[in-house]
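In order, the protein sequences belong to chains X, P and C.
Per my numbering, the first sequence starts with residue 1, numbered consecutively.
Per my numbering, the second sequence starts with residue 1001, numbered consecutively.
Per my numbering, the third sequence starts with residue 2001, numbered consecutively.
Please note that the accuracy of each hint is not assured.
Derived DMTMM-like pairs (lysine to aspartate or glutamate); straight-line CA-CA distance at most 25 Å [said to hold, decoys possible]:
#1 C:2603 <-> P:1096
#2 C:2603 <-> P:1093
#3 X:126 <-> P:1095
#4 C:2367 <-> C:2163
#5 C:2603 <-> P:1102
#6 C:2624 <-> X:141
#7 C:2541 <-> C:2362
#8 C:2603 <-> P:1103
#9 C:2624 <-> P:1007
#10 C:2029 <-> C:2108
#11 C:2162 <-> C:2445
#12 C:2564 <-> C:2579
#13 C:2603 <-> P:1074
#14 C:2541 <-> C:2555
#15 C:2603 <-> P:1095
I should point out that these hints are in silico values taken from the structure, not numbers from a laboratory.
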Amino acid sequence: MNTIFYIAAAVALISTGMAISGRNAIHALLSLIISLLSVSIIFFILGAPFIAALEVIIYAGAVMVLFIFVIMMLNVGMEREMESRWLRPRMWIVPSVLSLILLIDFLYMLRTMAHPETPGQTISPKQVGVSLYTTYLLGVEIAGILLLAGIVGAYHLGRQRKKVIHRFLKKEEIIEPDKTEQ
Amino acid sequence: MVTISVEIQILFAALLFLIGLVGLLVRRNVIFMLMSVEIMFNAAGMVFIIAGAHWGQVDGQVMFIFILAVTATEVSVGLALILQMFHHFRTLDADELNKLKDDN
Amino acid sequence: MTIVLALIPILPLLGFLTLSLFGGRLPRKFVALIGAGSVGVSALLTLIIGVSFLLSQNSGGVIVINLWDWLNTGGLTASITFRLDALSLVFIFVITFIGFLIHVYSVEFMADDEGFSRFFAYMNLFVSSMLILVLADNLLLLYLGWEGVGLCSYLLIGFWYKEPANGYAARKAFIITRIGDTAMIIGLFLLFLNLHSLNINDLMQQASLKWEVGSSLATWAAVLLLGGALGKSAQLPLQTWLPDAMAGPSPVSALIHAATMVTAGVYLIARTHVLFSLAPAVQTAVAAIGALTLLLAGFSALTQHDLKRVLAYSTISQIGYMFLALGVGAWSAGIFHFMVHAFFKALLFLAGGAVIVALNEEHDILKMGGLRKKLPVVFWTFLIGSASLAALPLVTAGFYSKDQILWYSWSAGNGNPWLWAAGFFGAFLTSLYIFRLVFLVFFGEIKTQPTHQLGKLMKLPLIVLAAFSLVAGFIEVPNSIGSIHLFSGLINTVLPPVILAHENIPEIVLQVLASVISLIGIYLAYLFYLKKPALGASFSKSRISEFFYSGWGFDRIYDVLFVKPIVWLAEINKNDFIDRIISAIASTTIFFNRMLVITQNGKLRWYIMGFAIGIVFILSILMKI
Chain X
1 MNTIFYIAAA VALISTGMAI SGRNAIHALL SLIISLLSVS IIFFILGAPF IAALEVIIYA
61 GAVMVLFIFV IMMLNVGMER EMESRWLRPR MWIVPSVLSL ILLIDFLYML RTMAHPETPG
121 QTISPKQVGV SLYTTYLLGV EIAGILLLAG IVGAYHLGRQ RKKVIHRFLK KEEIIEPDKT
181 EQ
Chain P
1001 MVTISVEIQI LFAALLFLIG LVGLLVRRNV IFMLMSVEIM FNAAGMVFII AGAHWGQVDG
1061 QVMFIFILAV TATEVSVGLA LILQMFHHFR TLDADELNKL KDDN
Chain C
2001 MTIVLALIPI LPLLGFLTLS LFGGRLPRKF VALIGAGSVG VSALLTLIIG VSFLLSQNSG
2061 GVIVINLWDW LNTGGLTASI TFRLDALSLV FIFVITFIGF LIHVYSVEFM ADDEGFSRFF
2121 AYMNLFVSSM LILVLADNLL LLYLGWEGVG LCSYLLIGFW YKEPANGYAA RKAFIITRIG
2181 DTAMIIGLFL LFLNLHSLNI NDLMQQASLK WEVGSSLATW AAVLLLGGAL GKSAQLPLQT
2241 WLPDAMAGPS PVSALIHAAT MVTAGVYLIA RTHVLFSLAP AVQTAVAAIG ALTLLLAGFS
2301 ALTQHDLKRV LAYSTISQIG YMFLALGVGA WSAGIFHFMV HAFFKALLFL AGGAVIVALN
2361 EEHDILKMGG LRKKLPVVFW TFLIGSASLA ALPLVTAGFY SKDQILWYSW SAGNGNPWLW
2421 AAGFFGAFLT SLYIFRLVFL VFFGEIKTQP THQLGKLMKL PLIVLAAFSL VAGFIEVPNS
2481 IGSIHLFSGL INTVLPPVIL AHENIPEIVL QVLASVISLI GIYLAYLFYL KKPALGASFS
2541 KSRISEFFYS GWGFDRIYDV LFVKPIVWLA EINKNDFIDR IISAIASTTI FFNRMLVITQ
2601 NGKLRWYIMG FAIGIVFILS ILMKI
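One chain only, chain X, in its complex shape (with noise of 0.2 Å):
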């Protein structure tokens, strides 16, 4: 069981690793894609598997094409020489150090507390759902009232007045005289 919490997070800490740094929106997604299984794997080990099957599914499965579909939307992939351009080694220092720091910090913490071992038994998704609609039953309605505020700004802030023309159709005007080659 060990190993293969180490394995998961192995993956997932160089998945994460290449989903930030990547110069293609889309291969970064899909690492990031890769990171979230791992993550849920974790979960599993640990004895929340409702929780993994949420993990993939509204995490991996909605939330992250979601992000596909605005990339796919808007073209991004396009525009890897802004990338490569904005994307200097030099500006990982800063955030590196920073982050380094806390880490440090992290540690320090954690060090001194108290840590007894992990009981280790599942917990059932029936516990889950018998706790969120006893004890947590105003979260819940709460958290649908969020999700349908979400919709309708979702809705209201993506509209859009004037008509946008497809990139391939605009670019038919100026790359004409290439496409004699086709």
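Given chain X, work out where chains P and C should sit, using these hints.
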């Protein structure tokens, strides 16, 4: 089942969080910034799961469900805003949004 | 009867208030009526009070009226109290009487001027302030009057303010007299601090009780008061403002700068004579300054060619005589000369003003001539005034007063042959310069035709003043001729009589010498300027003549010593470094703002970075704790 100390688990979550933070600071493309924020959310939620598993309570998982709901909402609204930004500024550069600059 | 005393200064004050508030809207006749009338009624009241004062048994006494308490704080009590004794009676007589004549003259002189009501308002304020000055019971009220006359002098010198040169002259007068005023107020502080009162009588009593002759406190007090007197009376070294003050209208020059304001210094010294007696060094200084000034001004008057400037230097010189008299302890002689001088000097200024107006604003005597036939009244009155000034023997008032001073400058306690010699030579210069003026203006050939005829209102005051210039002397005739001592008898009820010390030469000898020298002066003037004008012209072109013309270079000295350094300081402080220290605070703030503004660059990632750094800080701090 698992005999890994809780420290290591939380350390792992912290590492993920920090990677997300670095990504947020470094990237200029707003989509990547949003992505990094997602990573940070995920890591924070992981801490809840770890804690829930550690104490053997269900509350950790319930908290993660709520976090998930919030994240989903936030992503959709954020992406809608990114769409607006793109149509207005024709670029996805976060540094272009500097109209709140103080130039006296 | 005592309320009448209070009315004397108050009536012109009311006149001033009325004219300054409503004068612009009243017709000219009313303005003239109020302006001249208020002073006229004051003159009448003075006459009434004077007669009753002289006739009453206590002519050695006083009339006091206390109007109200002005200040009563911290040991200093001052009240608005008017006090009439023989000394102030003489002064208010001169002020109101000559003032009234000059007001009447001004009604015609200023008839075409647009500032008619403003002129009379200022003149009334002046008369009121001067009366307050001489009637004041305490030094604080006296200082009020002192400042009032200084203010009116400034306002009236710069009366035609549209001409910038007049403004400069007014400023110069004000600033130089201000130097004297500052010395005076410090003197007042000194007196109050040591003698705890500002009431003149109290002060004089306390001073004679507490201070010995020659003590340093008395000397300092006397020196400081002398400073004030020098400023107002235009004596050395503060005499440079009076010639330039001729920029004002002629009635102003007549009233303020001949008859009254410039004699305020004489009044002050006479009033506080106890202090000067307690400080013999200062009294000697008064005599010395008087002697030097009369010579200096006499020489300068010889070379001027602006008519009014000759008269201005003449005023300085004659006040030098008064100071000389006060300095040797001949108090009544000084006051007598003041009274007589007021008559003939006012006459000369008014007549000079008439000449200037008749020739359509021509001031230069070299462009005048032969006006004898054309302006007969002016000629005769001017001649009488000049004769009085030159102390023509026996017939003119000036002879009696100036002769008395010369006699006392030899024989009195502080007297000195040198002082007498200065006065004697000064008399020669006086007759020389004034008859130079007479011959150049009224004799010879006509160079400028008179275009203006003079009306009654201008001629009448001239005639009255001329009459007085002749007869006013007869109330004080020396022993050798016929002995009449009406005036000194009156004054000696207030001021101490002269103590004769060196009577080695009989008085008659000095009198004959004085008469002869004034006649010689007249003859020489005739020679140089009438018979052989070429001599006079060649003298005026010589270098020494230019030196005298510039007032012995005093203006230049002051310019180099005082004006230039201050202007230089102002120049180097043009950037106002003190102001810059204060604005440096603003600059520092702006500098820090510029530095901090860099952090507000509107970039999102920058702000997130700020977050991250903050988190690092807070966590670090929390952990160490």
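Hints, one by one, checked against the model:
no. : hint              : verdict
1   : C:2603 <-> P:1096 : holds (8 Å)
2   : C:2603 <-> P:1093 : holds (10 Å)
3   : X:126 <-> P:1095  : violated (48 Å)
4   : C:2367 <-> C:2163 : holds (23 Å)
5   : C:2603 <-> P:1102 : holds (11 Å)
6   : C:2624 <-> X:141  : violated (42 Å)
7   : C:2541 <-> C:2362 : holds (22 Å)
8   : C:2603 <-> P:1103 : holds (13 Å)
9   : C:2624 <-> P:1007 : holds (20 Å)
10  : C:2029 <-> C:2108 : holds (11 Å)
11  : C:2162 <-> C:2445 : violated (35 Å)
12  : C:2564 <-> C:2579 : holds (23 Å)
13  : C:2603 <-> P:1074 : holds (21 Å)
14  : C:2541 <-> C:2555 : holds (20 Å)
15  : C:2603 <-> P:1095 : holds (5 Å)
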